[in-house]
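> Chains as they are written, first to last, in our numbering: chain U, 40 to 381; chain E, 40 to 381; chain X, 40 to 381.
Derived from the structure by calculation, the hints contain no laboratory data. Any given hint might turn out to be false.
Claimed, not checked - Calculated cross-link-like contacts (lysine-lysine; reagent style PhoX-like; alpha-carbon spacing at most 25 Å):
hint : chain 1 : residue 1 : chain 2 : residue 2
1    : U       : Lys-190   : U       : Lys-203
2    : X       : Lys-335   : X       : Lys-170
3    : U       : Lys-284   : E       : Lys-335
4    : U       : Lys-318   : E       : Lys-300
5    : U       : Lys-150   : X       : Lys-178
6    : E       : Lys-335   : E       : Lys-190
7    : E       : Lys-284   : X       : Lys-284
8    : U       : Lys-318   : E       : Lys-346
9    : E       : Lys-281   : E       : Lys-107
10   : E       : Lys-170   : X       : Lys-170
11   : E       : Lys-178   : X       : Lys-320
Predicted model only: the values in this text are computed from it and were never measured.
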Amino acid sequence: MSASQAREAASPLQLCRIMRPDDANIVGNVHGGIILKMIEEAGCIVGTRHCNTQSGDRGVAALVRVEKTEFLFPVFIGEVAHVTAEITYTSKHSLEVQVKVMAENILTGAKKLANKAALWYVPCSLQNVDKIMQVPPIKYASAEQEEEGKKRYEAQKMERLETKARIEEVVPPPPNPEQHTVGFSQSSLIHLVGPSDCTLHHYVHGGVTMKLMDEVAGIVAARHCNTNIVTASVDAINFHRKINKGCVVTVTGRMTFASNKSMEIEVLVDASPLMEKGKEKYRAVSAFFTFISLDKDNRPLPVPPLKIDGEEEQRRFEEGKARYLHNKAKRLADKEAAAHQN
Amino acid sequence: MSASQAREAASPLQLCRIMRPDDANIVGNVHGGIILKMIEEAGCIVGTRHCNTQSGDRGVAALVRVEKTEFLFPVFIGEVAHVTAEITYTSKHSLEVQVKVMAENILTGAKKLANKAALWYVPCSLQNVDKIMQVPPIKYASAEQEEEGKKRYEAQKMERLETKARIEEVVPPPPNPEQHTVGFSQSSLIHLVGPSDCTLHHYVHGGVTMKLMDEVAGIVAARHCNTNIVTASVDAINFHRKINKGCVVTVTGRMTFASNKSMEIEVLVDASPLMEKGKEKYRAVSAFFTFISLDKDNRPLPVPPLKIDGEEEQRRFEEGKARYLHNKAKRLADKEAAAHQN
Amino acid sequence: MSASQAREAASPLQLCRIMRPDDANIVGNVHGGIILKMIEEAGCIVGTRHCNTQSGDRGVAALVRVEKTEFLFPVFIGEVAHVTAEITYTSKHSLEVQVKVMAENILTGAKKLANKAALWYVPCSLQNVDKIMQVPPIKYASAEQEEEGKKRYEAQKMERLETKARIEEVVPPPPNPEQHTVGFSQSSLIHLVGPSDCTLHHYVHGGVTMKLMDEVAGIVAARHCNTNIVTASVDAINFHRKINKGCVVTVTGRMTFASNKSMEIEVLVDASPLMEKGKEKYRAVSAFFTFISLDKDNRPLPVPPLKIDGEEEQRRFEEGKARYLHNKAKRLADKEAAAHQN
């Protein structure tokens, strides 16, 4: 590799696109899933490019984890979303990409930070997808920067080891469920994996899966409130198993918890190979999405309480509440820390 | 209206498009739903254009019925599908469009007739979508031609009056269903209606709905046989109720009957307005799709028998069998009639 | 506008995307129309952003002309296309955007210059689309740079004044045309303008129109040679009239000239408002596309001679030949000039 190639491999990648009507809901808010898909595309490009700056097998960066992501500002039709992705840490077999999304209104010049995300990739060899390639090290601006990256790496590694895919079964809702119950808003979509879902190898891009997950979660939220809803945040997602071309994926969303201002929806992704006899359906990913309800001026609306039925739902509600309180406390602590720094 | 406009309105419409990878399944067969969507787009354009050649309200041709449609030859990625649509009959408030699909292999020059369809449209006023506009009469080449059109018109009118939307409930399959049972292959998808799904008056194009129906039916068929499956035919479809922007549609397919060479799948489409409180879910369309299973050389494969459980499934199986035998007899009669004519 | 906004408005815009299977033909070559659409999107963003750095009406940069564009290298599925757009000249009411497309193979690190283009935009007020807004002046690096921009501006202005839209009628081909005649490969497609075709106002983006034109021209070329064909160049295109939402566009391609290595295809775009009575179909754009035929190793193949029938075809053939010889001479002269400079 030439010196200029190495410099480039480490340099950030910029990607932008005008948001179209098809990217948004009927009041013009761009779906969170569209943003997640763009983020992952940028991460995949910058990661794949970096891993191929060495000799040996060619490989593709496969998404294994997305850290908790907050949607800071809604994006609208006609705005330009600018996505910047940069490799911020490399371990022997994985790399971290940090991504920032700015939304620009090109009619007024106004800009806002819409999103920040951190993604972890591992390079899979194209010759043998089960082989994880080595990742060429990046250069850090300072020893401190490397040290912090290492901490993030250790933390996510621990979490990935501890967190198994949620193996809970999807139970179909009872017939004629009452409004505001879990069964009332539970929704499933199925999607037949197409060629454009898996461009570089024969596996579905993580971004495609996240877009489907956000779509189902949004339908669950809208069914619960009958208002305009938007993605507020997504908890860390671990991509346990790859989804192959020729699979049909079933994406199910069910509400686990609602505070008076937000809803937590658990999304479970199951893949089943359509044309391979005897191959069983398997759980590929699971995640928790948080949605909020907005009025026509984009101000938060109260969320109807979630009616709980049975022990299982009660347990999931308590767990969701714990996550909600934990996140709330963390946000407060972060705010205070920031205030002290100033 | 100028003379040239009148000529244009009455003249057939030609539309063509290269079939792309995303239009097809993994072995390269273009989905029947893609063809149905193209057919309906051509019909909608030719119908809308014709209905606006008069003064008064502007309107959009809304699909109310598709006659039984046979898929004669599979279409492949890279082929060009040519769709020709022509208005063949007009009553006071409706019009018939006949559509032909030729598939052309542009590498070899080979052409084949892939599909023929007949669609009925009524013009809805843009000022008030519940108002049906009058249809300007077309000129017929002969009195005989008009007479035949009138017969087709009367026949479909009678059938539409007689046929109610199937009101049968969708029952979720039991947990862990046995292979080759109805519950094993039953599938549902949900789709949030987007701007590109809708016509100029904010209602879902009939072709978009048919594409979703074919998609679900195809997944049901593939789950039953685990082979490459293709749409063989679609029974007449009546579009009872319009689907509005901002709805979520649930499309469910379940196998009703299987002969040793084909599968009949009932597809039920339910719409629920997401943001209008108190508006109930309603059945918008229902239809029967027939699929066949093909080997890698596109030759028919035997279909595993359908395991029936319970009275309801038995009744649907008998009804499906009756339709199957009726269609088979009709095909034979048509063939003989054709032979006698020659 | 703040100082930082002004700096940004003048700074180049970067846009990139992985090429997907749907962007390409069956041998994996990305369609020229996909590249043209990306180029125009980048130009529209950078132009619209610049024109809104002043106070007064908000406006959108509408494409009025694309200079002759050469496709230097084919782009493939899986490659990342990087589009860089920069404003290079501003007159009182128009601006020039120069765009460069680099294709990067992220598996090998290889990069190639795929395309260079120059586009002219005028800003239309959103309050009144028939009002052309003033364009804020850019700063030039040198007086020479400004002088050269002015020359390009004058040259294109003259050409736009001289060049009328080709008013030639589209004549349907005869039934059963002989192979390699003009009628044999002539093709038309129609497209109903949808919301995502016109994101920022109610008019179709120039890039959407160019994509459709390239699609039809590609079908004409493939029908003539029955081989893998790619876009080699597009002659300057003037966008005479805007195309409104709710129109149906008919795009027709017919071969005008073939040398032993290339084919010239004339593409005519007609728009007809579907629902406005009395509004006639009108010619919106016309252009000449040049295609070449490639073997499986992407080497040029000979093109079958075009069989000419009648005076009209003969006249168009002679005109096409003149353009072909003129372009060839110009390429040679450019090459020599470049050689002399070194």
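> Failing hints, ascending?
2, 6 and 10
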